[in-house]
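Note that the protein sequences, when read in sequence, are chains C and G. All letters in the first sequence, in the order written, are residues 1 to 115 by this note's numbering. All letters in the second sequence, in the order written, are residues 1001 to 1115 by this note's numbering.
Source of the hints: derived by calculation from the structure; they are not laboratory data. Among the hints, erroneous ones may be present.
[What the hints assert, rightly or not] List time: in silico DSBU-like cross-link candidates among lysine-lysine, alpha-carbon distance up to 35 Å:
1) K1078(G) - K1068(G)
2) K49(C) - K1068(G)
3) K49(C) - K1024(G)
4) K68(C) - K49(C)
5) K1024(G) - K61(C)
6) K68(C) - K1068(G)
7) K61(C) - K49(C)
8) K1078(G) - K1024(G)
9) K1068(G) - K1024(G)
[Said to hold, decoys possible] Reference excerpt, derived from the structure (chain G facing chain C, CB under 10 Å, subset only):
10) A1002
11) G1003
12) D1063
13) G1109
No residue lacks a Cβ here, since even glycine has one placed at the ideal position from N, Cα and C.
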Amino acid sequence: AQSVTQPDIHITVSEGASLELRCNYSYGATPYLFWYVQSPGQGLQLLLKYFSGDTLVQGIKGFEAEFKRSQSSFNLRKPSVHWSDAAEYFCAVGAEGGATNKLIFGTGTLLAVQP
Amino acid sequence: DAGVIQSPRHEVTEMGQEVTLRCKPISGHNSLFWYRQTMMRGLELLIYFNNNVPIDDSGMPEDRFSAKMPNASFSTLKIQPSEPRDSAVYFCASSPGGVTFGTQYFGPGTRLLVL
Chain C
1 AQSVTQPDIH ITVSEGASLE LRCNYSYGAT PYLFWYVQSP GQGLQLLLKY
51 FSGDTLVQGI KGFEAEFKRS QSSFNLRKPS VHWSDAAEYF CAVGAEGGAT
101 NKLIFGTGTL LAVQP
Chain G
1001 DAGVIQSPRH EVTEMGQEVT LRCKPISGHN SLFWYRQTMM RGLELLIYFN
1051 NNVPIDDSGM PEDRFSAKMP NASFSTLKIQ PSEPRDSAVY FCASSPGGVT
1101 FGTQYFGPGT RLLVL
């Protein structure tokens, strides 16, 4: 069965510092991978997604993620964090089967940004 | 585009009462999802509709929960009778049909508190 692990529950970085949020997945074939962001009191917004092709994916708000099959990882990165990036970040994998649009979400990583 | 609309945004009720959550998906989207988010269990998919037909309801916790989609522009999630453990944020999301793992657009959520 597909699964997603986000090992970091909470991360604090200083504004302007680089960021990497970890995501590991379990899937038998080439996965469909997603990163979503949730600001306080809001719904989730898609940052980026990987289906195939180039393993480095660019998203909105200056985020990027790299798919590494050998490590079963899809880590999210940003070279310079802004205070407005403080939010919760969710990695998700697309699940195959009858519900072809079903996503399995990780437990999320809460990002705090220090001034 | 108004995005996914959910009502009410907040609901406080007493144990045993019936609760109805409402969702209007983005016009033209054929897939609709209901999620529940809690601190303990994270983000869980409850049920998924495609072209108004329930495809996967394996995440519906028990018979107290029911969901309907009478037409392409409206869906409800009903809890009867409600219990304190149902307290959570309930999200509705919609996605374009005919596209595998199309982007899911989330509503702002309904915060439910059952006393």
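Here is how each hint holds up against the structure:
1. For the suggested pair K1078(G) and K1068(G), the alpha carbons sit about 8 Å apart, so the restraint of at most 35 Å is met.
2. Distance hint between K49(C) and K1068(G) is fulfilled; the C-alpha atoms sit about 30 Å from each other, no more than 35 Å.
3. Taken as a hint, the K49(C) and K1024(G) pair is honoured in the structure, with Cα atoms around 25 Å apart against an allowance of 35 Å.
4. Proposed proximity of K68(C) and K49(C) is supported: the alpha carbons are some 14 Å apart, at most 35 Å.
5. For the given pair, K1024(G) sits about 27 Å from K61(C) by alpha-carbon distance, which is consistent with the 35 Å threshold.
6. At most 35 Å may separate the alpha-carbon atoms for a hinted pair to count; K68(C) and K1068(G) exceed this at roughly 40 Å.
7. Between K61(C) and K49(C), the direct Cα distance comes to roughly 14 Å. Compliance with the 35 Å bound is thereby established for this hinted pair.
8. Pair hint K1078(G) plus K1024(G) holds up; C-alpha atoms about 15 Å apart against a cutoff of 35 Å.
9. Taken as a hint, the K1068(G) and K1024(G) pair is honoured in the structure, with Cα atoms around 12 Å apart against an allowance of 35 Å.
10. Using the Cβ-Cβ criterion of 10 Å, the hint placing A1002(G) at the interface with chain C is not satisfied: the shortest such distance is roughly 13 Å.
11. A distance limit of 10 Å between C-beta atoms decides the matter here; for G1003(G) the minimum to chain C is near 9 Å, and the interface restraint holds.
12. Taking 10 Å as the C-beta cut-off, the interface hint given for D1063(G) is violated, the closest approach to chain C being about 21 Å.
13. Here the hint on G1109(G) is kept, as its CB sits about 6 Å from the closest CB of chain C, short of 10 Å.
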